[in-house]
Amino acid sequence: MEENRENIPIKPENTQSGDQQEDCGCSNGSGSEQKLDCCGEAHPPSKAHGDFSDPVYKEIALTNGTINQMSKDELRAKCAELKLDTRGVKDVLNKRLKNYYKKQKLKQAAAGAPADTYYDYICVVDFEATCEENNPSDFVHEIIEFPVVLLDTHTLEMVDYFQEYVKPELNPQLSDFCVELTGITQEMVDEADTFPKVFRRVVSWLQKKELGTKYKYALLTDGSWDMSKFLYTQCRLSRIRYPQFARKWINIRKSYGNYYKVARNQTKLNCMLENLGMHYEGRPHCGLDDSRNIARIAIRMLKDGCQLRVNEHMHGNELQSVPINAPFEGAPPPQKPKSRD
Numbered sequence: 001m002e003e004n005r006e007n008i009p010i011k012p013e014n015t016q017s018g019d020q021q022e023d024c025g026c027s028n029g030s031g032s033e034q035k036l037d038c039c040g041e042a043h044p045p046s047k048a049h050g051d052f053s054d055p056v057y058k059e060i061a062l063t064n065g066t067i068n069q070m071s072k073d074e075l076r077a078k079c080a081e082l083k084l085d086t087r088g089v090k091d092v093l094n095k096r097l098k099n100y101y102k103k104q105k106l107k108q109a110a111a112g113a114p115a116d117t118y119y120d121y122i123c124v125v126d127f128e129a130t131c132e133e134n135n136p137s138d139f140v141h142e143i144i145e146f147p148v149v150l151l152d153t154h155t156l157e158m159v160d161y162f163q164e165y166v167k168p169e170l171n172p173q174l175s176d177f178c179v180e181l182t183g184i185t186q187e188m189v190d191e192a193d194t195f196p197k198v199f200r201r202v203v204s205w206l207q208k209k210e211l212g213t214k215y216k217y218a219l220l221t222d223g224s225w226d227m228s229k230f231l232y233t234q235c236r237l238s239r240i241r242y243p244q245f246a247r248k249w250i251n252i253r254k255s256y257g258n259y260y261k262v263a264r265n266q267t268k269l270n271c272m273l274e275n276l277g278m279h280y281e282g283r284p285h286c287g288l289d290d291s292r293n294i295a296r297i298a299i300r301m302l303k304d305g306c307q308l309r310v311n312e313h314m315h316g317n318e319l320q321s322v323p324i325n326a327p328f329e330g331a332p333p334p335q336k337p338k339s340r341d
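Here UniProt numbering is used: the first residue of the sequence shown is 1, the next is one more, and so on.
Just so you know, the hints here were simulated from the structure itself, not pulled from any lab data.
It is possible that part of the hints are untrue.
Stated by the list, open to error - Think about it this way: if two alpha-carbon atoms lie no more than 25 Å apart in a straight line, the pair counts; the simulated DSS-like pairs of lysine-lysine are:
{"id": "1", "residue 1": "Lys58", "residue 2": "Lys105"}
{"id": "2", "residue 1": "Lys83", "residue 2": "Lys107"}
{"id": "3", "residue 1": "Lys83", "residue 2": "Lys261"}
{"id": "4", "residue 1": "Lys103", "residue 2": "Lys303"}
{"id": "5", "residue 1": "Lys336", "residue 2": "Lys197"}
{"id": "6", "residue 1": "Lys303", "residue 2": "Lys107"}
Said to hold, decoys possible - Listed next, with one range per pair, are the computed distances between beta-carbon atoms:
{"id": "7", "residue 1": "Lys303", "residue 2": "Ser71", "range": "19 to 25 Å"}
{"id": "8", "residue 1": "Gln108", "residue 2": "Asp152", "range": "25 to 31 Å"}
{"id": "9", "residue 1": "Arg201", "residue 2": "Phe139", "range": "23 to 29 Å"}
{"id": "10", "residue 1": "Glu133", "residue 2": "Leu156", "range": "35 to 41 Å"}
{"id": "11", "residue 1": "Pro323", "residue 2": "Asp152", "range": "23 to 29 Å"}
{"id": "12", "residue 1": "Leu170", "residue 2": "Asn68", "range": "49 to 55 Å"}
We treat Cβ as the ideally placed atom computed from N, Cα and C, and that holds for glycine.
Please work from the sequences and hints to get the whole structure.
As structure tokens, then:
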């Protein structure tokens, strides 16, 4: 649920450490002593990270400088020559080409490129919730669609999905605006189960995939709202504890903005797709279709060399950013929801 959020007064409890912080905390380095962090940027080494004074890093820095001077047509031509994807805006092509040469030079130097990903799977979630055209300040949003798209980070493919509608209880009658926006009808939610029952089936589905036990995984969302607002509010309404496995997630808007160095207003779903040379597939504001399109962006970013990693978490009832120097950490095994009573 993305575009309509402009009409919903959603603000995380702690905005200073939430979605407003676009910078991942990385600072650009230069010269021969450079290392490449999870955002794909060059940084001075530290004793904690070992010696990066190998001449290959100077070569990478010089190559990056040359790429920075190339026009969009030159970047596209070079990508075509190297049989790389030629779609996307200039910043995307620039990053794609830099990542290609970085990997090639590290391989040639027998230095070993950093691992492309830490997680075996990424679960893309994009809720749809009750809404009105002009939501009053005290309007409470209830989840009415629970989709999860499972992305295999090794094959870079969407391998499975879960989707169910949810019956709202506080405001069981959907507004005409909500029906038109989401395509979810009154009949769909009337025939659906309440959130606790649907959520238990989500957990069972994740457990069958052996996530958090056999495989490392993380949740990924388009912004902060799905977890810090929608899920947090819904758990409170349903009198169940906020799940531990959903306390940390990847906010792809932050990852995209930091990796491709674009302004915050260029990180909405349609903008990200357009800048990557793609178009939206399906029906906007269908939670499952939104999740699939978000997964397509994640796949493209992984192919371009971005290490998607957890960058936001819930601390108590507050939304906070995860420091860039925090260790990689997978989500814990999903557990059945527990009552707050």
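The hints, checked one at a time:
1. This hinted pair checks out: Lys58 and Lys105 have alpha carbons roughly 11 Å apart, not beyond 25 Å.
2. Between the alpha carbons of Lys83 and Lys107 the distance comes to roughly 18 Å, so the proposed pair stays at or under 25 Å and holds.
3. Annotation: proposed proximity of Lys83 to Lys261 holds, straight-line Cα distance about 24 Å (limit 25 Å).
4. Distance restraint check for Lys103 and Lys303: the Cα-Cα separation of roughly 12 Å lies within the 25 Å cut-off, and the hinted pair is therefore satisfied.
5. For the given pair, Lys336 sits about 10 Å from Lys197 by alpha-carbon distance, which is consistent with the 25 Å threshold.
6. At most 25 Å may separate the alpha-carbon atoms for a hinted pair to count; Lys303 and Lys107 meet this at roughly 17 Å.
7. Taking 19 to 25 Å as the suggested C-beta distance range, the pair Lys303 and Ser71 conforms, at roughly 23 Å.
8. Our hint of 25 to 31 Å for Gln108 and Asp152 holds, since their Cβ atoms are close to 29 Å apart.
9. The hinted range of 23 to 29 Å is satisfied by Arg201 and Phe139, whose Cβ atoms lie roughly 27 Å apart.
10. Between Glu133 and Leu156 the Cβ separation comes to about 39 Å, which falls inside the hinted range of 35 to 41 Å.
11. With their beta carbons about 28 Å apart, Pro323 and Asp152 fall inside the hinted range of 23 to 29 Å.
12. Taking 49 to 55 Å as the suggested C-beta distance range, the pair Leu170 and Asn68 conforms, at roughly 53 Å.
In this structure, none of the earlier numbered hints is contradicted; all agree with it.
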